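Q: Our numbering puts the first residue of the sequence shown at 228, with every later residue one more than the last.
Derived from the structure by calculation, the hints contain no laboratory data. From a predicted model like this one, the values you see are computed outputs, not experimental measurements. Be aware that a few hints might be false.
[What the hints assert, rightly or not] Taking lysine-lysine and the DSS-like style, the derived pairs with C-alpha atoms no more than 30 Å apart in a straight line are:
id, residue 1, residue 2
1, 324, 234
2, 283, 261
3, 275, 234
4, 321, 234
[To be verified] Ranges of calculated distance between the beta carbons of each label pair, as one might list FRET restraints:
id, residue 1, residue 2, range
5, 307, 237, 45 to 53 Å
6, 235, 314, 30 to 38 Å
7, 282, 314, 16 to 24 Å
8, 234, 321, 45 to 53 Å
9, 293, 233, 28 to 36 Å
10, 327, 274, 18 to 26 Å
11, 331, 301, 35 to 43 Å
12, 317, 278, 44 to 52 Å
13, 328, 272, 43 to 51 Å
14, 235, 261, 17 to 25 Å
Even glycine gets a Cβ: it sits at the ideal position worked out from N, Cα and C.
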Amino acid sequence: MVEVTIKIPEHIRNVVSEAGEAIYAEALNEVARKRLSHTRKRLEELTKKIAGYESKYGRTYEHFSQSLPDTPEAHDDWTEWSYVNSVSGELLNKIEKLELITGR
Numbered sequence: 228m229v230e231v232t233i234k235i236p237e238h239i240r241n242v243v244s245e246a247g248e249a250i251y252a253e254a255l256n257e258v259a260r261k262r263l264s265h266t267r268k269r270l271e272e273l274t275k276k277i278a279g280y281e282s283k284y285g286r287t288y289e290h291f292s293q294s295l296p297d298t299p300e301a302h303d304d305w306t307e308w309s310y311v312n313s314v315s316g317e318l319l320n321k322i323e324k325l326e327l328i329t330g331r
């Protein structure tokens with residue numbers, strides 16, 4: 228478990244301390260909810276890019292990687308496609324964790 232220290236202005240200390248730990252849980256949930264929305268949108272953008280490459284080459288990334296055409300464009304696409312796949316996987320993991328926090 229990670230311990231988080233939050234510095235708050237002295238003049239609002241009483242308000243925060245009266246709310247107890249609930250205020251921190253609510254704040255974390257709100258931040259996670261916003262990050263979840265942003266992360267889902269980013270994943271959707273990358274999924275469209277992946278679909279574009281699949282449409283362009285008529286195959287999945289795995290099949291394309293096994294028989295990569297020997298052209299500069301194909302190599303550039305393979306590099307970008309590799310990156311997009313990697314980031315998509317990272318975003319999926321992030322979404323799973325954020326969903327645990329938000330209960331979605």
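Q: For a C-alpha distance cap of 30 Å, please report whether residue 283 and residue 261 respect it.
A: violated (34 Å)
Q: That 45 to 53 Å hint for residue 234 and residue 321 (C-beta), does it hold up?
A: The hinted range 45 to 53 Å is violated for residue 234 and residue 321, with Cβ atoms some 26 Å apart.
Q: Starting from the range 30 to 38 Å, see whether the pair residue 235 and residue 314 falls in it by beta-carbon distance.
A: holds (35 Å)
Q: Measure nothing beyond the straight line between the CA atoms of residue 321 and residue 234; if it is 30 Å or shorter, mark the hint as holding.
A: Holds. Residue 321 to residue 234 sits at ~26 Å (cutoff 30 Å).
Q: If I claimed the Cβ atoms of residue 282 and residue 314 lie 16 to 24 Å apart, would that claim hold in this structure?
A: holds (19 Å)
Q: Measure nothing beyond the straight line between the CA atoms of residue 324 and residue 234; if it is 30 Å or shorter, mark the hint as holding.
A: holds (25 Å)
Q: Given a hint of 35 to 43 Å, does the C-beta separation of residue 331 and residue 301 actually sit inside it?
A: 39 Å Cβ-Cβ, so the 35 to 43 Å window holds.
Q: Check the following: the C-beta atoms of residue 327 and residue 274 are separated by a distance inside 18 to 26 Å.
A: Distance hint for residue 327, residue 274 holds at roughly 22 Å.
Q: Can you tell me whether the CB distance of residue 317 to residue 278 sits inside 44 to 52 Å?
A: violated (19 Å)
Q: With the threshold set at 30 Å, check whether the alpha-carbon distance from residue 275 to residue 234 stays at or below it.
A: With a Cα-Cα distance of about 41 Å, the restraint between residue 275 and residue 234 is violated, given a limit of 30 Å.
Q: Determine whether the Cβ-Cβ distance between residue 307 and residue 237 falls within the hinted range of 45 to 53 Å.
A: For residue 237 against residue 307, whose Cβ atoms are near 51 Å apart, the range 45 to 53 Å holds.
Q: Tell me if the beta carbons of residue 293 and residue 233 are separated by a distance inside 28 to 36 Å.
A: Check failed, 50 Å falls outside 28 to 36 Å.
Hint check: violations occur at hints 2, 3, 8, 9, 12 and 13; the rest are consistent with the structure.
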